[in-house]
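So the protein lines, in turn, are chains A and B. Here the numbering used here is used: the first residue of the first sequence is 1045, the next is one more, and so on. Here the numbering used here is used: the first residue of the second sequence is 14, the next is one more, and so on.
Any given hint could be a false lead.
[As the list claims (entries may be wrong)] Quick list of simulated restraints, FRET-style, between CB atoms:
| id | chain 1 | residue 1 | chain 2 | residue 2 | range |
| --- | --- | --- | --- | --- | --- |
| 1 | A | G1114 | B | A315 | 36 to 44 Å |
| 2 | A | D1126 | B | D332 | 42 to 50 Å |
| 3 | B | K372 | A | S1214 | 48 to 56 Å |
| 4 | A | R1078 | B | A315 | 27 to 35 Å |
| 5 | B | D381 | A | R1078 | 42 to 50 Å |
| 6 | A | D1188 | B | W306 | 35 to 43 Å |
| 7 | A | D1150 | B | D332 | 30 to 38 Å |
| 8 | A | G1114 | B | M317 | 43 to 51 Å |
| 9 | A | G1114 | B | E478 | 31 to 39 Å |
| 10 | B | S309 | A | R1162 | 18 to 26 Å |
| 11 | B | A249 | A | R1131 | 27 to 35 Å |
[Claimed, not checked] Not the full set, but computed from the structure, chain B residues with beta-carbon under 8 Å of chain A:
| id | residue |
| --- | --- |
| 12 | L229 |
| 13 | L232 |
| 14 | S234 |
| 15 | G283 |
| 16 | A286 |
| 17 | R290 |
| 18 | A294 |
| 19 | W306 |
| 20 | S309 |
| 21 | E319 |
| 22 | I323 |
If you are wondering where the hints come from, they were derived from the structure by calculation, not from laboratory data. Remember, it's a predicted structure, so these values are computed and weren't measured experimentally. Even for Gly, the Cβ is constructed at its ideal location relative to N, Cα and C.
Spelled out, the chains give:
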Amino acid sequence: MRVLLVEDSRSLQASIAEGLRRSGYATDIVGDGRQGLRLAETGQYDVVILDIMLPSMDGLDVLRRLRDTGSTTAVLMLTARDTVPDRVQGLQLGADDYLVKPFAFDELLARVQAIARRAHGAAKSVIDVGPLRVDIIGRQAHVDGRSVSLTPREFGIVEYLAHHVGTPVSRAELESHLYDEYAKITSNAVDVAVCSLRAKLKAAGCPPLIHTRRGFGYVLNTKTRTE
Amino acid sequence: MTAIRPYSIRTVLEWRLTLGSISVLAVGGLTLYAVMRVALTAEFDADLLSKARALAAVSRAEPDEPGHVEFEAAAEALTEFLPRTSPNYFQIWFDGHDWVVARSGSLAGEDFPAERPAHVDADGSAVMDVALPDGRAGRAIWLRTIAFPEEVSDPLTGAIRTTNPIPILVAVATDREAVDRPLRIVATALLALGVAMGLGTVVIVRLCLRRGLRPLARLGSAVGALDVSRLPAGLAIENVPAELEGMRDRINELLGRTSAALERERRFSGAAAHELRTPIAELLSLLDVRLRWPESEAHCIASMREARTIGEWMAEIADTLLRLARSQHATTVACPDPTPLAPVVRKALERVSQSVAQKRLHTNVDLDPAAACSVDPGSLGSIVENLLSNAIIYTPAGGTIDLVVRAHEFAIRNAPVDLTESDLLHMFEPFWRKDEVRTSITSGTLHVGLGLSIVQSLAAQSGGEISAVLDSSDAGTRLSVRVKWPR
């Protein structure tokens, strides 16, 4: 999952980004509205966390212009304004959720997870693929009820594949959703992480569920055919 | 507790005007009726009097029989006094005696149906209402008069014989129908006319008031329909009468001012919420993340340092807000001795010297050594220092700040960062800052955005005025902020 944080407070940028990254979200940070809009329009983000009072362009303007382009990227408004008209305005402009400052980081994380889940069409907080259970909220993977210890990056891969179960996902797509602009990505970083993930799942007794589509990427399903 | 229902101006006016109009109509009708009654009765009484006089005229003192009065009326003249249906009555007495000279046949030998009056008018008559013997309502007249003697010529001697006049009392009574009937017709007509006019008055009063008070009702409805949570700039009411024009204009003026004040308050609330909640959010987010992922001791120490910086920032916001509140509620202290401006400006320059040096700014001071103004030193120092700090923050590194100090005037000029004419409308509002310096920790400078608001409040409290002007020339844009006090 890749998140864009548009927030002008450097302290908030740093702490939120650290928390999100440690939770397995690739997070890009930008401090003003125009840059935020430019990045959000690329469409490579699963969730945009958008402050309202921003330099150069108001967060509501960013949201309006983003929706005008037809973008359906999930947007979580983050603001100090807590009046009903402010919230209504943000939601009417197309925000998916609204969080008033100050907030607990856990709540922010839960809301990001919830709107990301909705964005991927999953109503439930857990996704079952054969014996594998992916707990989106708990950031945990289980095989036949037993917890599998995964790094945030590995969990990000299995979570993304679980959201697209049965659908091949390219390496480039995985990269763009798993690595932010600060990450140093090697050419086979995704392959290495997938390999490690497969090994951990196999060690936990899970049959092969992540299949390689040669020359394209990966798919998560219960079929055993591997190319 | 019973709610008191508000009264309606229209209803009150309707009632009052209707009752007033009906009262006037009633008084008019009654007066007309009374006048007609008096006139008809007077005419009737005059007719009675003439009848009494006619009867008296045919009563003659008899010369041949002294003390005897002869009643010599022609039979056709007494037709109305004959016994028949609805007759009239008369009786003639020797005045002061019960001796009857004559009485009408209609009395059938009975006495006249009324007591003699105790007093008579100057013309010798008295009139009163009586009940006639046949039960009809009647009116009677008594006439005290004289039966003059008849002069008789002696056929033999030709001498004229006469006798003394004899006082007589003539009474005539007749029924009142000749008066009462026309009066009944008049009363009925007046009553019918009064009812019709009363109803017409009710309708006319209601219509006139409804139409006449329509502008007031429209104004009342427009004011009553105001949504206090979303005030319009003014009431959209045209063609109001002159009496309401002033009220509408004042309401519109009030609405405009209230809307502007609410808008300022909304901007202030939004800005204050942002300024106060953002550092709290920074602090909580920082602590939440560090508590969840403590990592190393070095990480924790770095987070604590950052938390301390945020705390200092919050303290600065609180202090500045308190200063703003104090400046807004300060009362002008009479300053008998003018405060010299030069030492105040030098002290302020000294206090900001470190910031000036950090940004490599140049300051030009054009100072009148004798400049002074009647403002207390504390307020003056705060004004000068806040303006200087603001100029330092908004001037790009290496720029120049000009200070001009004259009697009763302090001005500061600098080349601001990306300031526009529209910014001048808001730059004195609390928490207003340009984007480049809006974020405290981003800019690394503690700038809350309340300095100019404090200066504006202090200037106003000390009787001064503050103005900001943007001058554009080939050399670039320069912002001039000037505070002037009355001499």
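For each hint, the structure was consulted:
1. Evaluation of the 36 to 44 Å hint for A/G1114 and B/A315 yields a pass: the beta carbon distance comes to about 42 Å.
2. For the pair A/D1126 and B/D332, the beta carbons lie near 24 Å from each other, so the given range of 42 to 50 Å is not met.
3. At roughly 50 Å, the beta carbons of B/K372 and A/S1214 sit within the given window of 48 to 56 Å.
4. The hint said 27 to 35 Å for the Cβ distance between A/R1078 and B/A315, and at roughly 31 Å that hint holds.
5. About 46 Å separates the C-beta atoms of B/D381 and A/R1078, a value consistent with the hinted range of 42 to 50 Å.
6. At about 29 Å, the beta-carbon gap between A/D1188 and B/W306 misses the expected band of 35 to 43 Å.
7. Between A/D1150 and B/D332 the C-beta distance comes to about 32 Å, which sits within the given range of 30 to 38 Å.
8. For A/G1114 and B/M317, the Cβ-Cβ distance of about 46 Å falls inside the hinted range of 43 to 51 Å, so the restraint holds.
9. Distance hint for A/G1114 and B/E478: a CB-CB separation of about 52 Å, inconsistent with the stated range 31 to 39 Å.
10. A hinted range of 18 to 26 Å is violated for the C-beta pair B/S309 and A/R1162, which are about 37 Å apart.
11. Between B/A249 and A/R1131 the C-beta distance comes to about 31 Å, which sits within the given range of 27 to 35 Å.
12. The interface hint given for B/L229 is violated, since its Cβ lies 34 Å from the closest Cβ of chain A, which is over the 8 Å cut-off.
13. Violation of the interface hint for B/L232 is found here, the shortest Cβ-Cβ separation to chain A being roughly 29 Å, above the 8 Å cut-off.
14. For B/S234, the interface hint is violated, since its Cβ never comes within 8 Å of a Cβ in chain A; the closest pair sits about 26 Å apart.
15. Against a cut-off of 8 Å between C-beta atoms, the interface hint on B/G283 holds, since the closest Cβ of chain A lies about 5 Å away.
16. Restraint check, B/A286 versus chain A: the minimum CB separation of about 4 Å is within 8 Å; hint holds.
17. Taken as an interface hint, B/R290 checks out: its beta carbon lies about 4 Å from the nearest beta carbon of chain A, inside 8 Å.
18. For B/A294, the suggested interface contact is upheld, since its CB lies about 4 Å from the closest CB of chain A, less than 8 Å.
19. Interface hint at B/W306: satisfied, since its Cβ lies 5 Å from the closest Cβ of chain A, which is below the 8 Å cut-off.
20. Annotation: B/S309 was flagged as interfacial toward chain A, and the flag is violated, the nearest CB pair being 13 Å apart, outside 8 Å.
21. At its closest, the beta carbon of B/E319 sits 6 Å from a beta carbon of chain A; the interface hint therefore holds under the 8 Å criterion.
22. With 8 Å as the threshold, the beta carbon of B/I323 comes within range of chain A, its nearest partner Cβ sitting at about 6 Å, so the hint holds.
Going down the numbered hints, you'll see the structure goes against 2, 6, 9, 10, 12, 13, 14, 20, while the others check out.
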